[in-house]
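Asks: Chains as they are written, first to last, in my numbering: chain E, 1 to 326; chain F, 1 to 326; chain L, 1 to 364; chain U, 1 to 364.
In short, the hints are calculated from the structure, not lab data.
Just so you know, not all the hints are guaranteed correct.
[Unchecked claim] Covered by chain F, per the in silico footprint, the following chain U stretches (three or more residues, Cβ under 8 Å): (1) 30-38; (2) 169-175; (3) 257-263; (4) 338-344; (5) 350-356.
[As the list claims (entries may be wrong)] A few chain L residues that don't get close to chain E, going by computed Cβ distances all over 10 Å: (6) F28; (7) L292; (8) R294.
[Claimed, not checked] Here are some of the chain F residues that sit facing chain L, going by a computed Cβ distance under 10 Å: (9) A15; (10) R16; (11) E20.
Ideal placement from N, C-alpha and C gives every residue a C-beta, glycine not left out.
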Amino acid sequence: MSALTLVEAVRTALARAMEEDPRVLVLGEDVGRDGGVFRATEGLFERFGPERVLDTPLSEALFTGLAVGLGAQGFRPVVEFQFDGFLYPAIDQLVNHAGRLRARTRGRLSCPIVLRAPFGGGIRAPEHHSESPEGLFAAIPGVRTVVPSSPARAYGLLLAAIRDPDPVVFLEPKRIYRAFREEVVDDGAALPLDRAFVLREGRDLTIVAWGALVREALQAADRLAEEGVSAEVLDPATLAPLDVETILASVGRTGRCLIVHEAPPSHGPGAEIAALLAAEGLFSLLAPVARVAAFDVPTPLPRLEGVFLPNVADILEAARRLLAHR
Amino acid sequence: MSALTLVEAVRTALARAMEEDPRVLVLGEDVGRDGGVFRATEGLFERFGPERVLDTPLSEALFTGLAVGLGAQGFRPVVEFQFDGFLYPAIDQLVNHAGRLRARTRGRLSCPIVLRAPFGGGIRAPEHHSESPEGLFAAIPGVRTVVPSSPARAYGLLLAAIRDPDPVVFLEPKRIYRAFREEVVDDGAALPLDRAFVLREGRDLTIVAWGALVREALQAADRLAEEGVSAEVLDPATLAPLDVETILASVGRTGRCLIVHEAPPSHGPGAEIAALLAAEGLFSLLAPVARVAAFDVPTPLPRLEGVFLPNVADILEAARRLLAHR
Amino acid sequence: MGEIARFVIERVEILRPDGTLAGPLPAFAEDPDELVKLYRAMVLTRTYDTKAVALQRTGRLGTVASSLGQEAVAVGTAAAMRPEDVLLPSFREQGAMLWRGVRIEELLTFWGGDERGSDFAGPREDFPVCIPVGTHAPHAAGVATAFKLRREPRVAVCVLGDGATSKGEVYEALNLAGVWRLPMVTVVDNNRWAISVPVEAQTAAATLAQKAIGAGIPGIQVDGNDVIAVRAVVARAIERARAGEGPTLVEATTYRLSDHTTADDARRYRDDAEVSARWKEEPIGRLRAFLLARGFWDKAREEALLADCARAVDEAVEAYLARPAAPATDMIDHVFARLPAPLSRQRAEIERRARLRAREVAGR
Amino acid sequence: MGEIARFVIERVEILRPDGTLAGPLPAFAEDPDELVKLYRAMVLTRTYDTKAVALQRTGRLGTVASSLGQEAVAVGTAAAMRPEDVLLPSFREQGAMLWRGVRIEELLTFWGGDERGSDFAGPREDFPVCIPVGTHAPHAAGVATAFKLRREPRVAVCVLGDGATSKGEVYEALNLAGVWRLPMVTVVDNNRWAISVPVEAQTAAATLAQKAIGAGIPGIQVDGNDVIAVRAVVARAIERARAGEGPTLVEATTYRLSDHTTADDARRYRDDAEVSARWKEEPIGRLRAFLLARGFWDKAREEALLADCARAVDEAVEAYLARPAAPATDMIDHVFARLPAPLSRQRAEIERRARLRAREVAGR
Ligand SMILES: Cc1ncc(C[n+]2csc(CCOP(=O)(O)OP(=O)(O)O)c2C)c(N)n1
Ligand SMILES: Cc1ncc(C[n+]2csc(CCOP(=O)(O)OP(=O)(O)O)c2C)c(N)n1
Ligand SMILES: [Mg+2]
Ligand SMILES: [Mg+2]
């Protein structure tokens, strides 16, 4: 048991998965000797060698398709994308092949692959290095989209993703790669996919957040507690397929829901959660379902990023507005 | 004035746009002598010649990027994708370039391009030929996603899209390419983008539908009228950015909203509309916001497509359930 | 200014269009039974294609892509493979799929709009038909990487069209195969057309075999209307790959005698005269002429073969047409190995909608 | 088996690492002023790079990619262009951008995290930095198509790295340029590394110039540490393109002496010894040696140049640092030519949030 950062937890899970299953491979750009630009694969090349940790030529479309072929042959490739902004070429393979190889062959072939990528803003990175494209991936049938929000959840969810026999897009909030440490027991215990985590229980308001903003949501809940408000904090973790029941149950109790994410507001998992409540939780709602998010514009370069990205103040403000509805 | 099918209206608009503006080019696979696999570009090659109507080599990623370059140079390329399932390689260029070239250069360069594609199911087509990926495109900032639902709207919206100085994804419901005719005046009058169409006014229920299912929505409204129910039918047409006001105003009056689309239910424009109501229309809602859609699975091959795709019966059933809420 | 690299592309021809020999026969072709097997497979393929087009025309099958005139590429390629190799076809390789044990009924099932057709009883590791052009090339690289990592003497064989050579991922896969020295053979079925676009509008490259050079791998051209030459050249490439000597790109030049698919009308964009001229080069007549000339074949055997093929296809058609649709829940039950809990509501909804549809049909 | 095509790749070298001549000087290089201009541009580029790295280290600039040791590729390429040509750089071509009139302050503004840096006052049609590797190659094809359709004697020049040659769209763009005979020149800046991946792990191709062959276009290699050779070879390619003779791929071989970017530590994956050896070949010392030997340069001029460059960079840094951030609404006001009505609510929300942020800052 030791206190790990999120990126260390990812690395620990990768090493554990490679240790326990020789079919697990790591591939991508600079994952070998360099250990990945965020060092998520550091030490794996030295430990598992060049046949388990493979630097590919520079093409995301290629290595996604490569993983599909390896997966069909029974390997369990875990592919690293260097940054969020380079994930888009994977979409063709995800929609047209990864998400349907099993359905298309009635299970004769399958696609046990994991696509990992750091995502999100707040590190003052160059263009294309601060994107939150989870909505695009969550919308792909046959593919899970998973976002951890702490070292322990990163460890358990990544193990689950790698062991899962179907494709998973695993988006790691890079802003909190090293932001804090958490005790992680490297015992190989996976966390369940398809299940939201109730991170804090509360009665007055449900805050649904994922990725880096879960911390802000929890901080906001602390502040609200000081004001006598009891906020529940949910992390869906698997954005698709989404754990509908846990969210409905929570909002059914609190009557108020605030959805917090870094992606632009429209057409993504935030919308899906709100839609769910409008369809199935309507009569328990005491207040409008609010979203605190970025804006429907291309991610701006760092100088304007502070306004683009929501923070604790925004969450508090929105929460107070919801709480005004009695 | 003449009665045109939807595909004829598209062709008429293309010809008109090419006639009025020499910067308009048509490109894609088989758009030349063949006139496009659906004949949407028929006759253009003969009329405007090989420098205005260009068959490209076979690559969607290529011709999307090619259009970005042409657009930056002041051309107005209208690119045909042969089928919905081949649109995905365009996403990288759309997110990383088309949707931000203007913002990135503060307007020094821009991207006046249109990507046209037939989309949707119901024609018993092979794999990858019956997809409804509008959600993926609607989620891309800086890019409009437009879906016409009749010959006249196809004509007017396509003209608007071509004349618009920014990128537009224009998805044509192939199921109704030739399903019916409508009077279309070829007078060069465009229809507004970013504005929903109220196709039928009503008091008891708002049905929001786009693409091929607008017809079914109108048919359902007819049937409901026979039962004494007055249904309003809205076609958002521009799915992103979405005309929030018109939708809110309508549901504000009717108190009930049924969203109808062919795409899988989750994480798309249907969710966005429901989320909007949950956020801003909550207190006028008399009933849950319902979605009638496909399912969150890869589009099945034709033999099961009849269950995958929603139809009039599904709309009626869902409408009646909403109307039961008083 | 000095030369630092030099490359040569060669072409192999064995059987001339009139059935006479342009070059020495490879060893396998000394055995008449082997040649007859190739001949039968091409005739079966053509019989199947003809029937599939007819079924489509009468509304009993979806859109299909005939391989008329291109049978030698598919059959020659498959014949060069071992059963344990893996085939990654595009959508016009029914000749190769049939050779490898995919059943006619399965092909019809797939093209009839039913995923169960890709659950081959035969070559369990072969990939299903790939419709998005060229997207299976990286899969082939993945399969070949699997073989290499497991040190299995197996080869991934990817077949794609002249149009597909314009797709970036095809180049990417070739490049990867080169740098990782993968046991992968890519066969470019150059039928000169990508729907309405002739190969001259697809690329300025004088040959498609030279697409190999940028990937640092060998490229070779073969007469794709000569099943003997195709089999020989592909077999050599496969055995090279099997021996750990890396990938090869084989360009097989042939001609699409049919429309692109049943949804196409090729007369919109090419002359009948061009097509007629190409009929003289088609592979079945050519091999038949050779077999007849050598006395390995006769009219009676031909008639028996045609009858056999027709019977096999007809039986398969009957079985195909008789098969009821899968339950609607199949569309969700095979997406994930185990249905994720959140999707169980949608499964129930699919059942409900299927019942509604059944009632609608009954109500009419 | 007969040969049907043959290809040769050549390499051009003019100035040896020690500054002596390996081949005849091109005409422009007979003019010492021209050479001095090239020299000054390379020194300015290096001065800028050094300062940019220093600014990053002290938190006053974002991640930057130095072009240390590669200045000849960027400067030689830009010098071969005419103002009306269009440059499509990747992210390491500051030397070319500066030559073409992008201001140092604009470069800093961009790398400092502000889009206004790409609103060049200078070459208005040039593309901004392209960070997603290779995705600008199709843009170059588009720009070149525009020139061709308008019958303008202009050329699109795309610069990309060795790593980028593995990207499918780069091949696709070359192939299109070939078949449409576009006025497009692609310069591959082969600095031997793509972050930690050496070019040998990127491709089995013996040269990157041969990537042209599959596209049916000419490919040529040039010593990329020799600005004279780069300018000569790229100029020839550009003039060919301008004359309607089609595209060329130029591979310029150089070496990345710096870390990949300020976010990288190259000692993790390559030996210092390798880097030191490569220092002997770098382009600035080489040209200086030549100029000195010919008497076109001396210590005084060198000192004056260094001082000039330092001053120019320092002034730009000051202006950059002094510039206030753009209003937050800039993030929405330039997305569309006219703000779509549905986004006006979000614009208001951006204003509101910006005010909230200002208050947060004030409140601290
Ligand atoms: C990515 C993609 N784009 C477009 C299509 C539509 N389409 C189907 S086949 C075809 C032409 C393919 O040409 P080629 O590769 O030469 O194969 P052939 O049909 O001649 O066998 C096209 C454009 C497709 N299937 N996939
Ligand atoms: C599509 C894409 N994938 C990954 C990256 C991350 N990345 C930035 S530079 C680089 C290596 C580029 O190598 P090369 O093309 O040789 O250019 P160089 O950096 O050497 O100038 C990588 C992988 C990126 N920018 N774009
Ligand atoms: Mg073809
Ligand atoms: Mg490099």
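Asks: Please go over all the hints and tell whether each is borne out by the structure.
Replies: Taking the hints in turn, this is what the structure says about them:
As drawn, the stretch 30-38 of chain U meets chain F at 0 residues by the rule of a beta-carbon pair under 8 Å; below three, the given contact is violated. Coverage of the stretch 169-175 of chain U by chain F holds in this model, with 4 residues showing a Cβ closer than 8 Å to a Cβ of that chain against a need of three. With a threshold of 8 Å between beta carbons, the proposed coverage of the stretch 257-263 of chain U by chain F is violated, since 0 of its residues qualify and at least three are required. Chain F is given as covering the stretch 338-344 of chain U, and this holds because 4 residues of the stretch bring a CB closer than 8 Å to a CB of that chain, at least three being needed.
Coverage of a stretch by a chain is defined here by at least three residues with a beta carbon nearer than 8 Å to that chain's beta carbons; for the stretch 350-356 of chain U and chain F the count is 0, and the condition is violated. The claim that L:F28 is not at the interface with chain E holds, since no C-beta of that chain comes within 10 Å of its own (minimum 29 Å). Look at L:L292: its CB is around 41 Å from the nearest CB on chain E, clear of 10 Å, so calling it non-interface holds up. The claim that L:R294 lies off the interface holds: its Cβ sits roughly 41 Å from the closest Cβ of chain E, which is beyond the 10 Å cut-off.
With its C-beta approaching chain L no nearer than about 18 Å, F:A15 sits outside the 10 Å limit, and its interface hint is violated. Annotation: F:R16 was flagged as interfacial toward chain L, and the flag is violated, the nearest CB pair being 23 Å apart, outside 10 Å. Taking 10 Å as the C-beta cut-off, the interface hint given for F:E20 is violated, the closest approach to chain L being about 27 Å.
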